[in-house]
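S.K.: Same order as they appear, the protein sequences are chains F and B. For the first sequence, the positions run 111 to 358 when the numbering used here is used. For the second sequence, the positions run 1223 to 1302 when the numbering used here is used.
Think of the hints as simulated: they come from the structure by calculation, not from any bench. Some hints here could point you the wrong way.
[What the hints assert, rightly or not] Quick partial rundown of chain F residues pointing at chain B, CB under 8 Å, derived from the structure: (1) Y183; (2) R185; (3) F192; (4) A201; (5) R205; (6) N232; (7) A278; (8) L281.
[Stated by the list, open to error] Straight-line distance between alpha carbons at most 20 Å, and here's what the computed SDA-like set of lysine to any residue pairs gives: (9) B:K1286 - F:V234; (10) B:K1286 - F:L184; (11) B:K1233 - F:G181; (12) B:K1263 - F:N233; (13) B:K1281 - F:N233; (14) B:K1227 - B:V1269; (15) B:K1233 - F:T280; (16) B:K1263 - F:C235; (17) B:K1286 - F:N233; (18) B:K1286 - F:C235; (19) B:K1245 - B:K1286; (20) B:K1245 - B:Q1225; (21) B:K1245 - F:G181; (22) B:K1233 - F:D277; (23) B:K1227 - F:Y183.
[What the hints assert, rightly or not] Here are the computed distance ranges between Cβ atoms for each label pair: (24) F:N194 - B:A1282: 54 to 60 Å; (25) F:N139 - B:G1255: 22 to 28 Å; (26) B:I1301 - F:P136: 55 to 61 Å; (27) F:D163 - B:G1262: 49 to 55 Å; (28) B:N1249 - F:W160: 22 to 28 Å; (29) B:A1282 - F:Q162: 35 to 41 Å; (30) F:A320 - B:P1291: 18 to 24 Å; (31) F:P136 - B:G1255: 41 to 47 Å; (32) F:E297 - B:P1291: 33 to 39 Å.
Don't be surprised by glycine CBs; every beta carbon is placed ideally from N, CA and C.
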Amino acid sequence: MSTLSTLEKKPSKISKRPKFAVVRFPGSNCDQDAYFAIKNVLNCPVEYVWHQDKSLKGFDVVVLPGGFSYGDYLRCGAVARFSNIMDAVVAHAERGGFVFGTCNGFQVLCEAHLLPGALVRNNVCQFRCQYVNLRVENNDTPYTRAYQVDQVIKVPIAHGEGCYIADASTLQTLESSGRVLFRYTNEKGHPSPESNPNGSLNNIAGIANANFNVVGMMPHPERACEKLLGSADGLGLFTSIVTAFAMR
Amino acid sequence: MPQVKVTVTLKPSLLDAQGRVVKDALNNMGYTGVRQVRIGKYMEVEVSGESGDLDAEIKAMCEKLLANPVIEDYRYEVIA
């Protein structure tokens, strides 16, 4: 009987784990990286959701993956923003649900006005594909609680249009309210022009919305979840979400 | 059928990385008088002309999709 009761308890514990949706647009190419990291490393339930679907019912966390949605035609993320699924993504965000965008997903979130500012062409005239050092600026958020403030993490980037810009008052708001979560720095945590791979204002690599349930970043934490692949520093972002979800 | 010619340009305050590279290339080719190049987008949009307020419709298209008001300016011309 005691074994049975243990078994009965286990599913309820598992059901506290969030269910992830990875949205696939035509041209997404980091969808499988995100799916693999969530399923095989994070051990959370995850499903792909096609961009033409209209519902996110049953999902707790929505991931907009990297890639080149709609071939980056017109502007990165501009066309994806009007996909069928985006109405559901906006509604999920407005309900307080977690929405995380990496790389192209960050661009889509900015185009959808779920995050302020915009991402423009790198100021270095190069597609940048390399590891970068990120300094964790705020760990009092659902996405960063597994990190320490000022901790430097190693995560890869791969983008041509990752230069974050916003007007002066938006920048001021982001900075003063702790909504800049990650900044490009050197390995000692010092932000400098040399450690800024794309010209982003204030070396900004990732930001949150005012409620901290929507986060976008150009680097790829989903590609840095296993030491075997070069770095496991990105996993903390996903474990943070799992913890935050369990505490809700 | 009316045609709308839409031009989208990066806001003047933003660095145009593409434009800078093309300017450098022109300078290297000997066109030393070229001081600045800024690259934008030009679109030809054909519309049926049946909607009541074409101006309002084009403005909405520009602000929602064709341009990103955070980084770009737009202008358009309707050719009847």
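S.K.: Please write out, lowest number first, the hints stated earlier that are contradicted by the structure.
M.R.: 1, 4, 5, 7, 8, 9, 11, 13, 17, 18, 19, 20, 21, 24, 25, 26, 27, 28 and 29
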